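Engineer: Could you put together the complete structure from these sequences and hints?
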Amino acid sequence: MNQDLFIPNNAFFTFTGKLSHRKRLPQGWSLLGSRCFIFNYEEKEWAIAEKSCTALGGNLASIQTSVEYLFIRQLVKTATGKNKLSWVGGNDGVKDGVWLWSDGSNFKFGGWAKGEPNGQGKENCMEINLRGCHFHQDVGPR
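Numbered according to our numbering, the sequence shown spans residues 1465 to 1606.
Note that these hints are calculated values from the structure, not bench results.
No experiment lies behind these values; they were computed from the predicted model shown.
One or more hints might be untrue.
[What the hints assert, rightly or not] Derived CB-CB ranges, DEER-like:
| # | residue 1 | residue 2 | range |
| --- | --- | --- | --- |
| 1 | K1578 | Q1491 | 35 to 43 Å |
| 2 | K1586 | L1489 | 37 to 45 Å |
| 3 | Q1584 | L1489 | 26 to 34 Å |
| 4 | A1519 | L1495 | 19 to 27 Å |
| 5 | K1586 | L1495 | 17 to 25 Å |
| 6 | Q1538 | K1559 | 30 to 38 Å |
[Said to hold, decoys possible] Using 27 Å as the maximum straight-line C-alpha spacing, the simulated DSSO-like pairs for lysine-lysine come out as follows:
| # | residue 1 | residue 2 |
| --- | --- | --- |
| 7 | K1515 | K1541 |
| 8 | K1515 | K1586 |
| 9 | K1546 | K1559 |
| 10 | K1548 | K1572 |
| 11 | K1548 | K1515 |
| 12 | K1578 | K1559 |
| 13 | K1559 | K1572 |
| 14 | K1541 | K1578 |
| 15 | K1578 | K1515 |
| 16 | K1572 | K1541 |
| 17 | K1515 | K1572 |
| 18 | K1548 | K1578 |
| 19 | K1578 | K1546 |
| 20 | K1586 | K1548 |
| 21 | K1586 | K1559 |
Yeah, the Cβ is synthetic: ideal placement off N, Cα and C, and Gly gets one too.
Structural biologist: Quick look at the structure:
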């Protein structure tokens, strides 16, 4: 599998990958289009989460559509029982204010909370589910 990964910041590890020649998803995986996702409870800082993803051949998840965004939010809610703050691959670590996905894909997704991204204190990492809602914010790597 060629993978994109999604690792929330608070005790979760979700892996998304593009389905290749496999006919069946491995146990525990969820499919959306050609991308598959799995959730694993493990706390990591953003950069370490991204490194874990690249070690497996992927990246933290990029979100290209509202359908993907809602799907990922539902995975978090199913696993935790609530809309818990979670990492995705959005970052502005290369140039402040210029947001990119860690997999190199175009960053065209909105939905920032009011006043976000604000870059306070070198907040270069993107998390979803701010205040349990459909918003995201920029935060430090924790």
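Engineer: Now tell me, hint by hint, if it's right for this structure.
Structural biologist: Against the structure, the hints:
1. K1578 / Q1491: 35 to 43 Å: About 41 Å separates the Cβ atoms of K1578 and Q1491, which means 35 to 43 Å holds.
2. K1586 / L1489: 37 to 45 Å: Roughly 38 Å apart at Cβ, these two residues keep to the hinted range, so it holds.
3. Q1584 / L1489: 26 to 34 Å: For L1489 against Q1584, whose Cβ atoms are near 40 Å apart, the range 26 to 34 Å is violated.
4. A1519 / L1495: 19 to 27 Å: holds, 23 Å
5. K1586 / L1495: 17 to 25 Å: violated, 36 Å
6. Q1538 / K1559: 30 to 38 Å: The hint (30 to 38 Å, Cβ to Cβ) holds, given that Q1538 and K1559 are roughly 32 Å apart.
7. K1515 / K1541: holds, 25 Å
8. K1515 / K1586: holds, 20 Å
9. K1546 / K1559: violated, 33 Å
10. K1548 / K1572: This hinted pair holds, its Cα atoms lying about 23 Å apart.
11. K1548 / K1515: The given pair, whose Cα atoms are some 22 Å apart, holds under the 27 Å limit.
12. K1578 / K1559: holds, 21 Å
13. K1559 / K1572: holds, 16 Å
14. K1541 / K1578: holds, 23 Å
15. K1578 / K1515: violated, 30 Å
16. K1572 / K1541: holds, 24 Å
17. K1515 / K1572: holds, 23 Å
18. K1548 / K1578: holds, 19 Å
19. K1578 / K1546: It holds: about 22 Å lies between the C-alpha atoms, which stays within 27 Å.
20. K1586 / K1548: holds, 22 Å
21. K1586 / K1559: holds, 11 Å
This entry does not satisfy hints 3, 5, 9 and 15, going by the numbered hints stated previously.
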